[in-house]
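**Student:** Each protein sequence line maps, in turn, to chains A and B. Residues in the first sequence are numbered from 0 upward in steps of one, following numbering that gives the first Met the number 0. Residues in the second sequence are numbered from 0 upward in steps of one, following numbering that gives the first Met the number 0.
Warning: the hint list may mix true and false statements.
Unchecked claim - Here are the simulated DMTMM-like pairs of lysine to aspartate or glutamate, each with C-alpha atoms no more than 20 Å apart in a straight line:
(1) B:K4 - A:D325
(2) A:K48 - A:E302
(3) A:K412 - A:D348
(4) A:K4 - A:D94
(5) B:K405 - B:E430
(6) A:K4 - B:D325
Hint data in this document are derived by calculation from the structure and do not stem from the laboratory.
Protein chains: 2
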Amino acid sequence: MEAIKVGLLGLGVVGGGTWNVLRRNQEEISRRAGRRIEIIRVAVRDVAKARQKIGSEADICNDPFEVVRDPRLDIVVELIGGTTLARELVLEAIDQGKHVVTANKALLALHGSEIFEAASRKGVMVAFEAAVAGGIPIIKAIREGLTANRIQWVAGIINGTTNYILSQMRNNKLSFAQALEQAQALGYAEADPTADIEGIDAAHKLTLLSAMAFGIPVQFSKAYIEGITELTEEDMQMAEFLGYRIKLLGITRRRDEGIELRVHPTLVPASSMLANVENAMNAVLVNGDAVGQTLYYGKGAGEEPTASAVVADLIDVTRLDTADPDHRVPFLAFQPDAMADIPILSSDDIHSAYYLRMTVDDRPGVLAEIAKELAKSGISIGSMIQQPADHGLARLVFLTHSAQEKLINQAMKVIEAMSFMKSKITRLRVEEF
Amino acid sequence: MEAIKVGLLGLGVVGGGTWNVLRRNQEEISRRAGRRIEIIRVAVRDVAKARQKIGSEADICNDPFEVVRDPRLDIVVELIGGTTLARELVLEAIDQGKHVVTANKALLALHGSEIFEAASRKGVMVAFEAAVAGGIPIIKAIREGLTANRIQWVAGIINGTTNYILSQMRNNKLSFAQALEQAQALGYAEADPTADIEGIDAAHKLTLLSAMAFGIPVQFSKAYIEGITELTEEDMQMAEFLGYRIKLLGITRRRDEGIELRVHPTLVPASSMLANVENAMNAVLVNGDAVGQTLYYGKGAGEEPTASAVVADLIDVTRLDTADPDHRVPFLAFQPDAMADIPILSSDDIHSAYYLRMTVDDRPGVLAEIAKELAKSGISIGSMIQQPADHGLARLVFLTHSAQEKLINQAMKVIEAMSFMKSKITRLRVEEF
Chain A
0 MEAIKVGLLG LGVVGGGTWN VLRRNQEEIS RRAGRRIEII RVAVRDVAKA
50 RQKIGSEADI CNDPFEVVRD PRLDIVVELI GGTTLARELV LEAIDQGKHV
100 VTANKALLAL HGSEIFEAAS RKGVMVAFEA AVAGGIPIIK AIREGLTANR
150 IQWVAGIING TTNYILSQMR NNKLSFAQAL EQAQALGYAE ADPTADIEGI
200 DAAHKLTLLS AMAFGIPVQF SKAYIEGITE LTEEDMQMAE FLGYRIKLLG
250 ITRRRDEGIE LRVHPTLVPA SSMLANVENA MNAVLVNGDA VGQTLYYGKG
300 AGEEPTASAV VADLIDVTRL DTADPDHRVP FLAFQPDAMA DIPILSSDDI
350 HSAYYLRMTV DDRPGVLAEI AKELAKSGIS IGSMIQQPAD HGLARLVFLT
400 HSAQEKLINQ AMKVIEAMSF MKSKITRLRV EEF
Chain B
0 MEAIKVGLLG LGVVGGGTWN VLRRNQEEIS RRAGRRIEII RVAVRDVAKA
50 RQKIGSEADI CNDPFEVVRD PRLDIVVELI GGTTLARELV LEAIDQGKHV
100 VTANKALLAL HGSEIFEAAS RKGVMVAFEA AVAGGIPIIK AIREGLTANR
150 IQWVAGIING TTNYILSQMR NNKLSFAQAL EQAQALGYAE ADPTADIEGI
200 DAAHKLTLLS AMAFGIPVQF SKAYIEGITE LTEEDMQMAE FLGYRIKLLG
250 ITRRRDEGIE LRVHPTLVPA SSMLANVENA MNAVLVNGDA VGQTLYYGKG
300 AGEEPTASAV VADLIDVTRL DTADPDHRVP FLAFQPDAMA DIPILSSDDI
350 HSAYYLRMTV DDRPGVLAEI AKELAKSGIS IGSMIQQPAD HGLARLVFLT
400 HSAQEKLINQ AMKVIEAMSF MKSKITRLRV EEF
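Make a model of the complete structure from these sequences and hints.
**Tutor:** Rendered as structure tokens:
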């Protein structure tokens, strides 16, 4: 059978990895796919540099629209990132009747509905395994492997940069700033680390996982997002002391009232599998009603791990290239006409257990007043630590049982106004799974 | 679209689970699959008992061939187990042009080539996600998720019964016999536990994983299999002392000379993810050249976890029911005409590190003689422990670096003949991954 023809937009880290993996494993890949997969066109900013990298094996140009409109191509691989030009290119590729493979989580989290609808109309595929957790085939697991289940929740470490920083803070007792600097020096964090450390990248990925788990449209704007920039060594140590570790988790959970969609630092039991995912590794835990908990672990970023997912998508698309669209797996796991309209809950309506840390005057009655206020809001305390601090002050840490976040916020406001309070309350969420 | 019609052979643990999951999640499943999936016929031994279980929702009979030949059916689900009647039924279903979904690893490990060839000729699918690691979508991960990779090795805990027994031996200091008895009392082990404790069940599953990882035919008869019945509390404790845990692993690895296919108790570092898979849980670690290591973890057995995989297969088959067979994923990951003819290595040609435990006379020169013999065979020692034992004897434990098993066996034979030896050598394999 004739080779399937691919155009590649971008030859950076992931683009270069895709080129290399496809060439190195061409023989095994053809034996699996039943056809050769050939990148015949590449669009890059710097043509000379690209030619150094890949020689004359593909036509190289610097106009991505030229590639997208090339009638010889069956598939366009978008690896330039961003959400403006990438959106135009992907929509144009679809309009030209080409399948699209992309690693661009931001693009799909923001414009997924528009893109999937356009692809539906044209009968082409949009594959994006590389957009979440790099080389871990988590999208395939949720979209295809766990289809028998009513999925209850998904929770994952889906940003390697922040997991690396948190691991360094814990293992080497670094401050956030020190750990970030180290991550940047080693290439784990970008010069502008905002999207990673503020939780935005994780929220893009979680938005996609949530849509596939529950059959709802992508709704990034409704995600609750809290990064790791405010985490202190003190909280890392207190968490450890209490038998927990702090991880930046993406959590999406089905509740009777709607769906939780949230990214934030989270205390997880030290012995749990998620707690033991170290450095830049990723892991996703999925809970389905039939299968129970399953976990998927591996490298969530990097040249070849991400290329592994891009190329797997190319093979999937190659297999189904000429198939009736009915035979394909739906973009978001559920048939487009069978998506559900379940609301995303506001942060007020999240349910979680909480870690509350505060500094107070060390005098009789303080503990009783705080405990009373929590009880009044129906918040029950799981455990509590009091430690002496300098200058006649005391440090209090409460771990609550599960409660509605609105009630926690109200109680915090009342407690923070009490006369003995010497600090704001640091609030972190706790999940036992 | 009209519902797809399914016939179910067997309504035991997995059959009952399949019935329940399909009914309970019918609405979500239809939204994913695009059609309803209906079990309209069931074959069981005891019709009255089955009717109690499922009422009159399906036609129940006690002749499985009647079901297999029912012209209304699109898919036959084989859940009766065994390799004789099951083989006839599956081949007959294929001959009748029906797709087959099965959880039967023994059947496919022994008769896979015949069954896949028959299915190829008839253009029907044979899906078997439930045959390996229950609800964990590991077959989908290897066949589809990691297709970009040249897979180097697969190693997994793929038998829950033995992992439960080993966890109990370690955590509660039980003997093998005590732990087995407990596993039987709790339903984790069958009345006749041979297939589990002798490693046969794990080897069936490993045979399938190996075929899919490397694109070779199933060759169960060439697997090296060693169970856990000979493991002693002494070895569990020595392993622990050395920083390892003992797990029954299935390991298949590509080497220049051929493919290793082996199931045996294995020392793995205590901090590794596989070491921390407890009780009846399963986990599979896959190493691909692009993605690196990925891990898949979950329940490997049980009513609904296994049903989760059966029903996911039903959905996959439903989607591709009328598709051109070229569009489907090949049975063993590689196109049938592109399977490789790589030899399975004999146990002599396995490479591994080794744990060697022996009892010797406690006198000068013993250690030197043993070390000299190992060195003569080119076996280098990683670490060594000597402990006093009763009656003027000493216990020696060696951890070797990686060596060819033939050389280890030869050296063991020479050492066992030495005059100071007071025991046979207990040999276990060690893998660091």
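**Student:** Name the hints, by number, that the structure is in violation of.
**Tutor:** Violated hints: none at all, because every hint is consistent with the structure.
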